[in-house]
Amino acid sequence: MAFKIIASSCTACGACEFECPTAAIKFKGETYVIDAKKCTECDGHFDTQQCAAVCPVPKTCVKA
Amino acid sequence: MSQPFTISLDSLMKPIDFEAMKEAATSGGCSSSSCGTSAKPSDMDEATWERIKDHPCYSEEAHHYFARMHVAVAPACNIQCNYCNRKYDCANESRPGVVSEKLTPDEARRKVITVANEVPQLSVLGIAGPGDACYDWKKTEATFSAISKEIPDVKLCVSTNGLALPDHVDELARMNVDHVTITINMVDPEIGAKIYPWIYYNKRRYTGIEAATILHERQMLGLEMLTARGILTKINSVMIPGINDEHLVEVNRWVKERGAFLHNVMPLISDAAHGTHFGLTGQRGPTAMELKALQDKLDGGAKLMRHCRQCRADAVGLLGEDRGQEFNLDLLPEEVVYDPSKRAAYREIVAEERGDHVRAKEKAVAAVKENAAGGHTILVAVATKGGGRINEHFGHAKEFQVYEASGRGVAFVGHRKIDAYCMDGFGEDATLDATIAALEGVTHVLCSKIGDCPKDMLTAAGIEATDAYAYEYAETAISALYAEATADKGEARAVA
Chain A
655 MAFKIIASSC TACGACEFEC PTAAIKFKGE TYVIDAKKCT ECDGHFDTQQ
705 CAAVCPVPKT CVKA
Chain B
170 MSQPFTISLD SLMKPIDFEA MKEAATSGGC SSSSCGTSAK PSDMDEATWE
220 RIKDHPCYSE EAHHYFARMH VAVAPACNIQ CNYCNRKYDC ANESRPGVVS
270 EKLTPDEARR KVITVANEVP QLSVLGIAGP GDACYDWKKT EATFSAISKE
320 IPDVKLCVST NGLALPDHVD ELARMNVDHV TITINMVDPE IGAKIYPWIY
370 YNKRRYTGIE AATILHERQM LGLEMLTARG ILTKINSVMI PGINDEHLVE
420 VNRWVKERGA FLHNVMPLIS DAAHGTHFGL TGQRGPTAME LKALQDKLDG
470 GAKLMRHCRQ CRADAVGLLG EDRGQEFNLD LLPEEVVYDP SKRAAYREIV
520 AEERGDHVRA KEKAVAAVKE NAAGGHTILV AVATKGGGRI NEHFGHAKEF
570 QVYEASGRGV AFVGHRKIDA YCMDGFGEDA TLDATIAALE GVTHVLCSKI
620 GDCPKDMLTA AGIEATDAYA YEYAETAISA LYAEATADKG EARAVA
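In the order they appear, the protein sequences are chains A and B.
Numbering-wise, the first sequence is residues 655 to 718 according to the numbering used here.
Numbering-wise, the second sequence is residues 170 to 665 according to the numbering used here.
In isolation and in its complexed conformation, chain B is listed as follows (with noise of 0.2 Å):
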C-alpha cells in the first residue's frame, strides 16, 4: 500500500499553511510517475469526467474533496409542492428550500467571493431557489453574470421544478450553466394531483391533474432540450412511501430514456412542525433502508447519486457540512475582491491526493471480489471529515457515510445523518440510543477514536466498531473488515 499523505483535510478548518501541505503531498512516498493519475472511473468517457471531476453533487468521488455554495437569491416559486411550506425559515434546519436570509443578486456576489477567499474546496455555485431558479429568472441570470466575471471558473448549476425550464434553456446554455437539476416525483398525473395542489403557468392557476399534466409535460420537454444541448442532468425525486415509492421505478426509465445523467431518490422529510401539508397529514418519511431497497431496485437504470445530503438552499461547504452561518450578509465585507490562489493550491494538492485514493480503491475492490466466496455483505459506516479517510471521532461525527461491501466490490451506498453523540466530553446515553436506530442495517462501524463505553454499547446492538484502521482510506479499511468477516464465517476461500 502507497504512503498516505500526511495532509489532512480536516487542516483546512484552520488556517491553511499551503507550503506545509504542498511539502507533505510531494514528499510522501508520492514520487512514483503514477501519482496524480486521473481518479476517472473506467466506465465514462474521459470529456465527461473533465465536465464533473470537481463537481461535489455530480460525483460521489469528488464530494470528498469539493464544496458547493447555494445563493438564495430565487425566493419567488410557480409551484406548491405538499411537502414545502414556503413560510418556514430556520437557522437550524437542514432541508431544501429552507434559508435564513434571501439575498440581492450583489449581496450573492460579495457573498460568493468571500466564501470562494476562505474556502479554497469551493468549486460549484448553485442556485436552488429557496423559490424557483427558472420562474425568478431575472435574479438568476443577475448573479450567474456578475459572478462569472470575476471568478469564470466557478461551476454554474441551477435547480428547478421544470415548469418554467424550456423558457430558459437556451439562456442556460449560452451563460455555460452545464448542470441542471429537475425535481420529477411522478410521470403519472394521477400521482402528481396527490404531491403538486396547484401550479401557476400562463398567468392562472391550475389544480388537479391538469396542473400535473402541464407540469409534467414541461419537465419532459425540459429535460429533453437540455439534453439535446449537452448539458448534464440530473433528476431530484422525493421518495414518499404510499404516493410514489414504487412508480420511482417508472420515473427512473422515462428520465434516462430521455439522457438524463443522474437520477437522485431523496427520502421524504416531514414533520409536523414544518407545517407542510404531508407534515400536518401525517405523511411518514421512507426509512433508511427502504430508501436503499429502492435505490438497489433502480441500480442498472439511470446511473444514481447516492451521496445526496439535501442541503439548504443557502449551503455553504462540502456536503454534510454546513459553513453558511459563518457568511451571513452582516458578515461581509462591503468591499470584495477575488484572490484565486487558495483555490489553485488547493485543486494541486487534490489532483495528487485523488491519484492515491484512487489507486487504494481500486486494490482495496479487487481484494473484496476475491474474498467473496458465499456471497457474504457487509454494510459499513464511516466517520469522515472529508477526503474519503477515517478521520473523525465517533463523538463528534455528524453523519455517517456508508458503503457496502459485496462480492461486487466496495461502494458507497448512503449516509446517515445523527446527532452527535459527545457534548463537551460527556456522551448522553439517550443520544446513542438514537444513532444505533439511524444505524439499521449496519454491520461494523469505522472511526478514527472511540471510548470504551459507547464501543460497548454499540456490540450489544449488533453492530461491531473500531478504530483500528484510523487514516486509512475508508475502502482500504472496508477491504480488512471483510476478509475477516468472511474468514469469521468460515467463507474464507480456499487459499490455491
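Excised from the complex, chain A in its bound form (with noise of 0.2 Å):
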C-alpha cells in the first residue's frame, strides 16, 4: 500500500515533500521519491492523498 511519483512528469517543486503526514517523501537526484515503506497513502491522517491532492501535474502521484 503505497503511492509512486512518475519522475519524467515530476516539476521537483517539493510541495509533496512538505505535504506529506509521514515523511516519506524525499529529494533524491533529480526528482522527489516516496518511500514505499513509509508512506501509508494517508490513511488515518486525511481523506485523500495529500501528494496527489496537490502535485500541479495530473496522473504524477498515483498508486504504486
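Check each hint, because a few of them may be wrong.
As the list claims (entries may be wrong) - DSS-like cross-link-like pairs, simulated, lysine-lysine; straight-line CA separation at most 27 Å:
| id | chain 1 | residue 1 | chain 2 | residue 2 |
| --- | --- | --- | --- | --- |
| 1 | B | Lys586 | B | Lys466 |
| 2 | B | Lys466 | B | Lys538 |
| 3 | B | Lys425 | B | Lys209 |
| 4 | A | Lys691 | B | Lys363 |
| 5 | B | Lys618 | A | Lys682 |
| 6 | A | Lys658 | B | Lys256 |
| 7 | A | Lys680 | A | Lys692 |
| 8 | B | Lys363 | A | Lys713 |
| 9 | A | Lys680 | B | Lys256 |
| 10 | A | Lys680 | B | Lys307 |
| 11 | B | Lys461 | B | Lys472 |
| 12 | B | Lys209 | B | Lys538 |
| 13 | A | Lys691 | A | Lys658 |
| 14 | A | Lys658 | B | Lys307 |
| 15 | B | Lys461 | A | Lys682 |
| 16 | A | Lys717 | B | Lys372 |
| 17 | B | Lys530 | A | Lys658 |
| 18 | A | Lys691 | A | Lys713 |
| 19 | B | Lys372 | A | Lys713 |
| 20 | B | Lys586 | B | Lys530 |
| 21 | B | Lys461 | A | Lys692 |
| 22 | A | Lys682 | B | Lys372 |
| 23 | A | Lys713 | B | Lys256 |
| 24 | B | Lys538 | A | Lys717 |
| 25 | A | Lys680 | B | Lys425 |
| 26 | B | Lys425 | B | Lys466 |
| 27 | B | Lys586 | B | Lys624 |
| 28 | A | Lys713 | A | Lys680 |
| 29 | B | Lys472 | A | Lys692 |
| 30 | B | Lys530 | B | Lys618 |
| 31 | B | Lys363 | B | Lys466 |
Hints in this document: simulated from the structure, not taken from any laboratory.
Can you join these two chains into the complex? Each is in its own frame, and there are hints to help.
Have a look at this one:
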C-alpha cells in the first residue's frame, strides 16, 4: 500500500515533500521519491492522498 | 533648460568609473541649490515617497534608475491557474512563473550578494515563486533572513496568489517586508471558476466555484490585514479578454476600498507552445490598445502601474532588461562578501540626476498643457536604455516606452516589446513589419539614432520617427514634438 511519483512528469516543486504526513517523500537526484515503506496513502491522516492533491501535474502521484 | 549631465546610465553596462561619473554629475550646470531635490510626485506624502522612491515596481519614476532581482527559491504552489504550466521552463522566455534554475536559500544568498556587488542599481529583492512565496514559506523566510543580515538596506518584497497570505502577514511585518503583491483576477467566484481549475487548501483539493470562493475570501482578508499593518500592496490582475476584462473595473473598486496602493493590469500571455490551459484552448491575450483602453477606464480608481514588464521569477536588472543569465549558479563564486561601495556611489549620483529630471519633466508638462488647445493627443514611443532619456538606437531597442501627450500633460502609459530590428548591422524587413504592428496607435518614435531605410518604412506606416532629440529627457522631447504637432494642425494657441 503506497503511492509513487512518475519521475518524467515531476516538476520537482517539492510541495508533496512538506505535505506528506509520514515524511515518506525525499528529493533524490533529479526528482522526488516516495519511500514505499513509510507511505500509508494518508490512511488515518486525511481523506485524500496529500501528494496527489497538491501535485500540479495530473497523474504524477499515483498508486504504486 | 538645465544642461544634461554627461554621465549616461548605459555606462553601467561597462565597468564603472565612479570618480568620472561623480565629476560629470557635479560639474554639469548642477551648482544651483535646488539640485538633488526630491523627485517626489506632488500628490504623494513624504513618508510614502521615502518607502517607494527606490522601488522600480512601485514608482514609475524609480524604474528608470533602480533594478530588482527575483530569486527562484519558492517552487511549490497551492493553486492552479489556467495561464500557468508548471512544467514549462525556458531561459529565453520572459514571463511570470518561468525560471531556469531553482535555488536553495543559501544559493540565493550567494546570488544576491554577487549581484549587489556588480549591479549597483539593485534596490529590491523579491520572491515571486516560481510557485507561491507564502505557500512555500520556509524557503522564503530562510532566504530573507539570511540576506537582510548581510544587506540590511535591500527592500524585500513577495508576490503571492493570496491563498496562504493571511497565515504569514505578521511574519512578513516582522521581517520588514514592506511591499507585497497579490495576484487578484476576480472578485466574483463565477468568473474565478473560469480562471482557477483547483486550489489546495486545508489539506484537500477544492474545485470550481467553491475553490474560487475560498481564494477570493483569503485574498480580501490578506489585503485587509496588510493594509491594517501599513504594508504597501500592489494588486496584479491578468487581463483575459472575454473572461475578466470588463470585470477588472469591479476588481479595481474592491481593492481600492481595501487600501491597495497600486493596481497593475497585465495582458494575458497565451501561446499553445507554453502548454497552458488558455494556450491550448486558443484563449487570446488583449492587444496593446485594448489594454490601454482598459487602463484608461480605470484611471481615477486605485492608482495604476503601467510600467510592468511581467518579468520572470528569476529576473535580474532594470525592468525591461534581464541579466539573469550572467548570474547563473555555475557562475557564482563559492565564497561571497558584500561590498556596499558601488551601490552607495550610484545612489549619490542618481539623487542628483533625478532632481534634474523632475525639473525638466515639470517644465515639459507645463508646456504641453499650454499648447493643448484643440484637445490634440499624440502617442510617442521612446527607445531608451534607462535614466528617462532617449539613449537607444532604433535598431537595438528590444522595447519602447510609450508616453501620451494631451491636454492633461505628458504621462508614461506603457511599453511595447519588440524583437530588435538590427542584427549585426543588417536590418530585416520582416522584423520591421512586426515592429510596426507592435507600435499600433503610436504616432511618433524617438530614438538616439535611426537609419533612413527604417525611418522611411515607418513614415509609410504613418509613424514619424526622429533622432533629433537624442539624449534628451523623454518628456522634454515630447513637449517639443507636441508643440510641432499642434502647430501643424493649425491648432496652436493664439499668442497673447
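Violated constraints from the hint list, given by number and in increasing order: 4, 5, 15, 17, 21, 24, 25 and 29
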